[in-house]
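**Student:** Mind docking chains B and C on chain A? Use the hints.
Listed here are the chains, written in short residue letters.
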Amino acid sequence: MHFLPHYPAQLWPPAASAMAGEIDTIFAVWCVVLFMLVAPVFVFMAYCAVKYRAGRPADREHREARNIRIEMTWMIVPFLITLVFFFWAGTIYLQENNPPPNAMEITALGRQWMWKFQHPGGQAEINDLHVPVGVPIRVNIESQDVVHSLYIPALRLQEEAVPGRTTELWFKADRTGAYNLYCSELCGADHALMAGTLYVMSASGYQNWLKQAGATQTLAAAGKQLFDSYGCSGCHTPNSTVRAPSLAGLYGQVVPLQDGTTVVATDAYIRDSILEPKKQVVAGFKPVMPSFAGTIPDEDMQKIVAYVESLGGSQQTP
Amino acid sequence: MSTTTVGIKLEEQFESEQQQRETAKLGMWTFLATELLLFSGMFISALVIRTLHPDSVTAVALHLKFWIGATNTAVLILSSFCMSVAIESSRLGLQRIMVRAMLLTAALGVLFMCLKGYEYYRDYVEHMTPFLHWRRYELVGDPASRLFTDLYFIITGLHAIHLTIGIGLMLVMSWLASRAGFLQKHQNRIEIVGLYWHFIDLIWMIVFPTLYLLNR
Amino acid sequence: MTPSDYVLRDLEVPPPVIDVPDDYLHADQSLWSWFVTTDHKRIGILYLVSITGFFILGSIAAGLVRLSLVVPDGEIFTNDVYNRLFTLHGVIMVWFFLVPSIPNTLGNFLLPLMIGAKDLAFPRLNLLSWYIFMGASLFTVFVMVWGGVDTGWTFYTPLSTQYSNGWVLAAVFGVIMVGFSSILTGLNFVVTTHKLRAPGMTWFRLPLFVWGNYATSLILVLATPVLTIAMILLFVERAFGLAIFDPDHGGDPVLFQHLFWFYSHPVVYVMVLPGMGVMSELVTAFAYKKIFGYKFIAFSSLGIAAIGFFVWGHHMFYNGESPYAGLTFSLMSFIVAVPSAIKVYNWAATIYKGEIRLDTPMLYAMGWIGLFVIGGVTGLMLASTALDGHVHDTYFVVAHFHYIMVGATVVAFLGGIHFWWPKITGRMYSEPWGRVSALLMFIGFNMTFLPQYVLGYLGMPRRYHVYPPAFQPLNVLSSAGAVVLAAAYIFPMVYLIYSLWYGERAGPNPWEAKGLEWTVPSPPPKHNFETIPTVDFEPYDYPNVIPEA
Numbered sequence: 027m028h029f030l031p032h033y034p035a036q037l038w039p040p041a042a043s044a045m046a047g048e049i050d051t052i053f054a055v056w057c058v059v060l061f062m063l064v065a066p067v068f069v070f071m072a073y074c075a076v077k078y079r080a081g082r083p084a085d086r087e088h089r090e091a092r093n094i095r096i097e098m099t100w101m102i103v104p105f106l107i108t109l110v111f112f113f114w115a116g117t118i119y120l121q122e123n124n125p126p127p128n129a130m131e132i133t134a135l136g137r138q139w140m141w142k143f144q145h146p147g148g149q150a151e152i153n154d155l156h157v158p159v160g161v162p163i164r165v166n167i168e169s170q171d172v173v174h175s176l177y178i179p180a181l182r183l184q185e186e187a188v189p190g191r192t193t194e195l196w197f198k199a200d201r202t203g204a205y206n207l208y209c210s211e212l213c214g215a216d217h218a219l220m221a222g223t224l225y226v227m228s229a230s231g232y233q234n235w236l237k238q239a240g241a242t243q244t245l246a247a248a249g250k251q252l253f254d255s256y257g258c259s260g261c262h263t264p265n266s267t268v269r270a271p272s273l274a275g276l277y278g279q280v281v282p283l284q285d286g287t288t289v290v291a292t293d294a295y296i297r298d299s300i301l302e303p304k305k306q307v308v309a310g311f312k313p314v315m316p317s318f319a320g321t322i323p324d325e326d327m328q329k330i331v332a333y334v335e336s337l338g339g340s341q342q343t344p
Numbered sequence: 044m045s046t047t048t049v050g051i052k053l054e055e056q057f058e059s060e061q062q063q064r065e066t067a068k069l070g071m072w073t074f075l076a077t078e079l080l081l082f083s084g085m086f087i088s089a090l091v092i093r094t095l096h097p098d099s100v101t102a103v104a105l106h107l108k109f110w111i112g113a114t115n116t117a118v119l120i121l122s123s124f125c126m127s128v129a130i131e132s133s134r135l136g137l138q139r140i141m142v143r144a145m146l147l148t149a150a151l152g153v154l155f156m157c158l159k160g161y162e163y164y165r166d167y168v169e170h171m172t173p174f175l176h177w178r179r180y181e182l183v184g185d186p187a188s189r190l191f192t193d194l195y196f197i198i199t200g201l202h203a204i205h206l207t208i209g210i211g212l213m214l215v216m217s218w219l220a221s222r223a224g225f226l227q228k229h230q231n232r233i234e235i236v237g238l239y240w241h242f243i244d245l246i247w248m249i250v251f252p253t254l255y256l257l258n259r
Numbered sequence: 042m043t044p045s046d047y048v049l050r051d052l053e054v055p056p057p058v059i060d061v062p063d064d065y066l067h068a069d070q071s072l073w074s075w076f077v078t079t080d081h082k083r084i085g086i087l088y089l090v091s092i093t094g095f096f097i098l099g100s101i102a103a104g105l106v107r108l109s110l111v112v113p114d115g116e117i118f119t120n121d122v123y124n125r126l127f128t129l130h131g132v133i134m135v136w137f138f139l140v141p142s143i144p145n146t147l148g149n150f151l152l153p154l155m156i157g158a159k160d161l162a163f164p165r166l167n168l169l170s171w172y173i174f175m176g177a178s179l180f181t182v183f184v185m186v187w188g189g190v191d192t193g194w195t196f197y198t199p200l201s202t203q204y205s206n207g208w209v210l211a212a213v214f215g216v217i218m219v220g221f222s223s224i225l226t227g228l229n230f231v232v233t234t235h236k237l238r239a240p241g242m243t244w245f246r247l248p249l250f251v252w253g254n255y256a257t258s259l260i261l262v263l264a265t266p267v268l269t270i271a272m273i274l275l276f277v278e279r280a281f282g283l284a285i286f287d288p289d290h291g292g293d294p295v296l297f298q299h300l301f302w303f304y305s306h307p308v309v310y311v312m313v314l315p316g317m318g319v320m321s322e323l324v325t326a327f328a329y330k331k332i333f334g335y336k337f338i339a340f341s342s343l344g345i346a347a348i349g350f351f352v353w354g355h356h357m358f359y360n361g362e363s364p365y366a367g368l369t370f371s372l373m374s375f376i377v378a379v380p381s382a383i384k385v386y387n388w389a390a391t392i393y394k395g396e397i398r399l400d401t402p403m404l405y406a407m408g409w410i411g412l413f414v415i416g417g418v419t420g421l422m423l424a425s426t427a428l429d430g431h432v433h434d435t436y437f438v439v440a441h442f443h444y445i446m447v448g449a450t451v452v453a454f455l456g457g458i459h460f461w462w463p464k465i466t467g468r469m470y471s472e473p474w475g476r477v478s479a480l481l482m483f484i485g486f487n488m489t490f491l492p493q494y495v496l497g498y499l500g501m502p503r504r505y506h507v508y509p510p511a512f513q514p515l516n517v518l519s520s521a522g523a524v525v526l527a528a529a530y531i532f533p534m535v536y537l538i539y540s541l542w543y544g545e546r547a548g549p550n551p552w553e554a555k556g557l558e559w560t561v562p563s564p565p566p567k568h569n570f571e572t573i574p575t576v577d578f579e580p581y582d583y584p585n586v587i588p589e590a
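Chains as they are written, first to last, in this note's numbering: chain A, 27 to 344; chain B, 44 to 259; chain C, 42 to 590.
Isolated chain A, as found in the complex (with noise of 0.2 Å):
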């Protein structure tokens, strides 16, 4: 447990987008123009409580119980000012309805509890997102079960994904660097650790990141004709008969195993699964799978653990 607090204390978030920038402005002068609305009204009443305190001598002449002039006047110019805000903010809200035409297309799945990004190459990626700096980006979001909302902080940005909707928003980031994402809208228990991260990469950067997230797809779909060929299928499947671990959504989790300890399921992990099975076996199953030792080769091996990966699961953050 982390008992001793990070220092220092963060006080601004990054921005990753001129848009971004902008909010920021509204917001730092909704602050001033918030203390110019408060601090009157306060150090009116605080002299008021001191001045015309009970029992002390003050002039109290003309007192009055209404005036509508002063009353209409700070009725209005604050709406006003106030209003400011309002055309302000929607322009950029219109702005950010608006995607431009030639922005690249991203398809976003919210399903509980992580993100599927889909890049237009067919390229996916589960709960981070790699974009290149400088392009306008939509991503079309979508949600399989319950209302998710994909929240990027450093845009300044979030929108719901809602099932049987496509909902979009676009942006354009302007300085590479890792940024958090979240799913803010409450989407059942571990509606927490449905974040990720968001790379801006350079132009070159974000090609040849695409390049091996390819590279890596093609590792997982041979994994799984492999994973069925080996007969892991047999077993690991929702619907067989012989109960054993599903593997949907395991890379990266912590695996309670029989003995009571637990362990992360990292590639080592899975691999060692595989090969001596009978070494950690996960709680609450009995100890029947067979070793697969020296049966499956190590270039298949590597495969396999591709495939197991791209099955989903959490990402550790370092």
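Nothing false has been slipped in among the hints.
In silico negatives: residues of chain A with every beta carbon more than 12 Å from chain C:
id	residue
1	P126
2	A129
3	I152
4	K198
5	S228
6	A239
7	L276
8	V290
9	D298
10	V308
11	A319
12	G320
13	L337
Partner residues aside, some chain B positions facing chain C, computed with beta carbon under 8 Å:
id	residue
14	E55
15	T66
16	G70
17	F74
18	T77
19	M85
20	H96
21	F174
22	H176
23	R189
24	L190
None of these hints come from the bench; they were simulated from the model. Every residue gets a Cβ at the ideal spot worked out from N, C-alpha and C, and that includes glycine.
**Tutor:** Just chains B and C, lined up with the frame of chain A:
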């Protein structure tokens, strides 16, 4: 019986009979306002579903028993007329006519419920009950049609619950009102119950076109 | 009569004056008499006791939530337990504490006294409302503690209809039932205000607390049924598969959000309007001066209630809502702030040139203005569409609505309880302790919730039990503030209860305040007034008022 025998017993928080009458009436109207809002939530839902899936809604509406709904509308209008007779008789102190008119009102209410029950039975026979998962659903190829079918059952069901309460009230009131001296003490209760009855009829006047007519 | 009777009669000494006052508390002392009472004052006490109980429960849940958030990795409670805790906190606080808080306790107690009536229009209905409230709330709390509900108080579909493994049906049933209690109370208040005013008590002679309660009651009557139907639709969908919102059949979960917020935004005004009513009474009594701009304040209550019905869409700027709908709701939300601003400025003007006494209720009142203004303006920030895109569903929202619901409602409730405590019980509480608690409340509250504004702007989503470690310092500060806040709640509970037996006896009008309730003895007699008073004076008729121009 003369009109002087009609009146109400003053409760301790009131100063005058008129005040008590007006208070009771305003209380009932306020309650009816809440009822209107309750049903409005469903009417709005019906319109939203209709906007989202117009074709599916039409398909369902064609399965609704228009003539049963229309007959029921007439039955309720007639019952409201009977209720008006009962209220007018209560003001004139005509206790016997009043009680009979109220029993007739309740009987028409029961007739409505019987017709409604028959309509539900027809829906069952025609496999228009998608929420019974052991039974085939007639429009199974059109999943969106389920929404309107379900809403039809919820709206009419909730209306039927209100009507059942109304019939129960009517029977209890006619039993109480048939006793001697009732009109001297509690004449305004007839008016209050009457308001409720008229209002349920009014709700049906919105339910009928919303479900049966608009989508045909 | 026999002659001896005459003799006895003549000899009889007049009976000694026994000090058994004929007040409502002593009219019948048996416990049973409390459970069958139709006296609005006793029903107010019944509510006071029950909602205090729920407040304690809800606060414990909140305390556990804050405890969990001291560490960023969520190791104190599991995800399921954490979700159940904040749902418990939300449901209890909204429906079993905040909505009934001021109207059902102070409102019940004061409304007939303030308008010069013997009781509410429907006393038996009032008692029925309490029984429904108790039945529904105890049932729901039992369900939520025993089985738990993990959907949050918002019950969004399809999480609540298809995916939740909590006892959603039972909790929703309880919420529907407690709605009936709200409706009955609201109806009773509306009718009472219309029809039971004493002769001469015209609309513009009503105390502003009555105006606040009247506006509240209108909202309760008109908004609660929409929640009822939303919850009924949710209930039948989960229980019987009557799909209405189910996206698998083309249903729209956003429709549920609309129905839900059509109730749940106005209900915020249900929480704050009675608090504003209390504020008007406190400020004018402790400034010992006629309130500034009576009519503006009175109409602003109605204005808030009316406009408040047309702002619900600002909870949905970012769920695919049409941007034009979004802008309309945004504009309406800016407009609904105007009446609130009028009130605040008018209270400040009331203090000007007054005879200000800084007793406990006044300290609460001044703290109230501070907290409400911050809560209100940050509400406008949230109504600024594009800004909402960043802080929606973050701790910024959490901080905002706690400034309104705790900073405004709870502080006004405490201020009101202190102000009318001598009237309700006939006893004075300890003034020094009162002042310490009011101060502690202000400090503890800000310490708890100011950091949450920062957290929200940094981007910490709400309802997270695991969060990035960078957010920990502010979370620890907030949790520490919650401890101070807890003390500010516990102190009044102790010294107020203590005062019931050991407090100084209060006269009929210890604050020298104006208003019909201060003309009757403390505690008031069973039927409030010997004879119904005729009102021939203006409201807040404090001396030395320059006549209106």
